[in-house]
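Undergrad: Residue strings, one per chain:
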Amino acid sequence: MTRGDKQRADHEQQRQRLLQQLRNCDRRTFLSLAGRYAAMTVATGVVAPHSFQLVEFVYAATPETKPEVAFRLAYISDTHLFSKGMTHRFAKAALTAVEDVNALDPQPDFVLFGGDLAQLGQADELALGQQILKEVKAPLKVMVGEHDWYFDLGEKWRELFGQPTYSWDHKGVHFVVLNSVVEKDFWTAKGMTPMQRMVTVAGLDNARQSRFEVGAEQRNWLAKDLAKVDKKTPLVVFSHSPLYKYYRDWNFWTDDAEDVQKLLFPFAKVTVIHGHTHQLLTNRIKNISFHGMLSTAWPWPYAPSGLPKLTIQMDRTDPFDQFDGCGNGTIDVRKDGPVNKNYALWSRNPLTVAYDTISASKAAAKGPSY
Amino acid sequence: MRMGFIIMLAVGMLVGGLVWEGKDRPLHIQTVEASDWMTRTVTACDRRKTVIVEGARPDLPLPPAKAQQVAALLQDLMRFCTAEVHARLTTQEEIFLSVNGLPYQRYVMGQDPPLVLVHGKPHSPREMQIWAAEYKNMVEEGNKLFHDSTLGKNGISCDMCHPNASNTHPETYPKFQTQLKSMALLRDMINWCLENPLEGAKLTDNDPKMKAIEAYILDQRKGVAIEAGKH
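Protein chains in written order, with the numbering used here: chain B, 1 to 370; chain F, 1001 to 1231.
Pulled out of the complex, with its shape left as it was, chain F reads as follows (with noise of 0.2 angstroms):
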């Protein structure tokens, strides 16, 4: 893309050029001014978010209301998060919006951009907080049952064995425990030491402790190596 830009630049100056010569005037491509076909582009450190300032000199800085202006439409974008995100900023500060190669839109900086480009209204913070809140309140609730030791009934609890869920690799399920003779889910395993170790009854599949549990564990758990082991 920014190859493009540099061919884009060189076919540009050559016909500038040869405009300023049918003006009689001499060909100083050094002391050129800024003018509508100049651009100069700048990315953002994730190299997604790039925005295109058409009417300014590649080879030289941006005049600081211009950078500002571009600095602060970069910020905007990043919440687009991974795609990758074209913007035209025009003469006439118009703002247009390619994502992920899709046709140019118009955009106006700070609003929603049009759906044709994300395929959906971006989450809220709003939404995220309520979400965070949800998850949080689920895996608190299994953070619980997992220290209970009323979920059995000889005074066992989750922890005892698996502190911070160590050792329970939820990621190998469904695997095929060998010593159930038969393939398990994680909640088969939640189950099998309900019954065993802790001595009490097994929770249903829908039972909202069991999704607590499995939620506290795959929390836990997240973001350590899987490594598969004999048990």
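Here chain B stands alone, though its shape is the one from the complex (with noise of 0.2 angstroms):
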């Protein structure tokens, strides 16, 4: 068991307890309970995420609304994997969440890669990749990110791993895989190598590359995908990038969102999970809910700008521990279609951000700037 993992079970063995008595108490006790349960959270030691813990007793003290969860999927994402083997620090974080994910009791249905497998896209980076998620006891779905893509343009990665746009039904639920990371050519012209593109891409803060997009041909191939599906089919889409326009600067964009989104409109409970932004992230727009995921390797600080109102920010991570902000995470698909994200982070109490909550809108506290 891992370290979080124990801390993880023994977080759950109180809340469970404390939960039991939640049962049927009027709101004094109710709020005499939640300063008690922030005060075990101190006493366990580690970071309370947000004020998200009364959030979640709102929902847990009403226990019969709680719709039924009908199956349970788990991530991993954004692993970032150097050429340097197994006792790199990044390596050993994907360990970890491989580790997680195994440990989970019952096993997810199946399992996300969310993308940037690799650091730079090096053969040898995405087969030490290939070597870590084969330890995956669950069945596996991988996604491709630009990390691992702008070296060789996706040679390797589609030799270890295939196609990186397809769907499939499962339970009910159509799934989608879409490879949200297409740029226009920026590197002919400037006469670059394929490591200086590389390098590029990887970087976030310079504006030497195109945005991403998700371009016309995959939106072609996505219209005529969810033609052949039933508007009440619930929808879960997985893309490396955002379908949504949070920061440019930092390509925490995608281009043509709002052209994507248009598909994804007429259906009536749309789930958009994706990596690329390391941290907590929730946004929603008209039908679609939008769910970011955690790295295991580093977790990005909150851009200046344009933060969906509806994300509970979490606080800035110690740089001293190499785990705070990473983790990776499971998604409950509730019986009716929409899903309620789990964050498990490695360093910090678990935070669920549950259908209900973000479907009444609310905004969030404004959290620390970056």
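Mixed in with the good hints there might be a few duds.
[As the list claims (entries may be wrong)] Mimicking BS3-like on lysine-lysine, the simulated pairs with C-alpha atoms at most 30 angstroms apart in a straight line are:
#1 F:LYS1136 with F:LYS1202
#2 F:LYS1202 with B:LYS84
#3 B:LYS84 with F:LYS1136
Derived from the structure by calculation, the hints contain no laboratory data.
Since the model is a prediction, treat every value here as computed from it, not as a measurement.
Make one complex out of these two single chains by using the hints.
TA: Dropping the structure here:
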């Protein structure tokens, strides 16, 4: 059992005990219990992610209204592996995530890898990633990220993992995986080598690259793919970059996001799960809920502007703790279609962003600036 | 100051009236001609540069040629930046300057002002260009190092956690860095990052690389609101 697991198991146990007591309690008892919970949080020595526990409590205090979960998925994302073998700190972190999802009981129906398996798209980085991901016990679905792609434009990645765009049905839900990190050719005119191109795309705060997009080809494919799907069928779309416009300068961005969203609007229940941003991130546009995935390698700070107001912000992470702000997580697909997103932060309390709270569309409190 | 001029004006009119009376001319304040003792003040948009035009009626617009001259003078005075400057433009077209309340000194437009007024020469455009270029060089050098994974040994570079030097908060140093259990300057934290996440060697305080990294961080964070945090 990993350190993170142990911590979470302890926490879960204490929390369940407390939730038992919460049934039928009045407001005053509730508040006192919430206080005790906060004290318990302090006592466990982990950093509270935010003042989110109370929101969870409101939700948990009325268990009879909690919609049943149909099935659970897990994710690992943004491992950014270097060609330095299993002893590199990012490789060890990726292995921790694999242990985490393998320890889940019951096991998830499948595990999604959210992209950026490699750091600089090198063949041995991708091979190392494949080797680590082979350890995952549950069925695995792999998505591509820009760090995997721009050294050889996806040649090695496709050899290892197949096509980057695909869809399937699972227990009444239609799943789609997109390659949302397509960039217009900025390298030929500048005479860049493959490595220069890769390093440019790998950087966040340079203006030398194009912006991410899904592109007309995949949008056409998506339109055709979705034409076969009943509008009442719940949709879950996985993309590496957020399928909305968050912060252009760091490519926390998909340039044709609106065009992709238009294809998703006709469906009743749509969830987009994305990687790339390495942080807690929540958004909602009309019927589409968006959730970010955690990275196992490092957390990104929040961008200076454009942060979706629903996002419950992670406090600044502790640079002295390699695992702070990192982690993996699970996705609970409810029987009625929407999902609850669980963030398993390695050095903090686990946090759930429930569909009920985001569909109420209340802006979260403003967090610290970065 | 302006009120002072209004009072001076009132006194002047009174005296002038008496003079006219002495010359057996009727007392008609309304039709008074412009005289040496009349002034009109014009203040620049920064409210710090004022030209006192001697011999101009305060209640009428300046003649176009005079207005041009005043505008040119105000434009010229703008190089005193934030200083409070009063310029007297005499009827003989001489200029006297008072900078930040110092006594009036003769001044020729476009030339260096008397040293007594500015405590040294103002910066020339050439000097400012050189300084800006030097600044840019150092920040650019820091920018390169900040994005250079060869500073460390494991492929990691500073920008991977700190795009645009975000989350570095240089303005909060010196501070007691609880995790180091000691007071720290920004360079101590840079060295900590070089040794730990980057698994490299630290830089000496005088290393030009260290100075350049600091310059880049400070440049990127200039103007960002200060907000103390836990880390």
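Undergrad: Against the structure shown, which of the earlier numbered hints fail to hold, in ascending order?
TA: As far as the earlier hints go, only 3 is violated by this structure.
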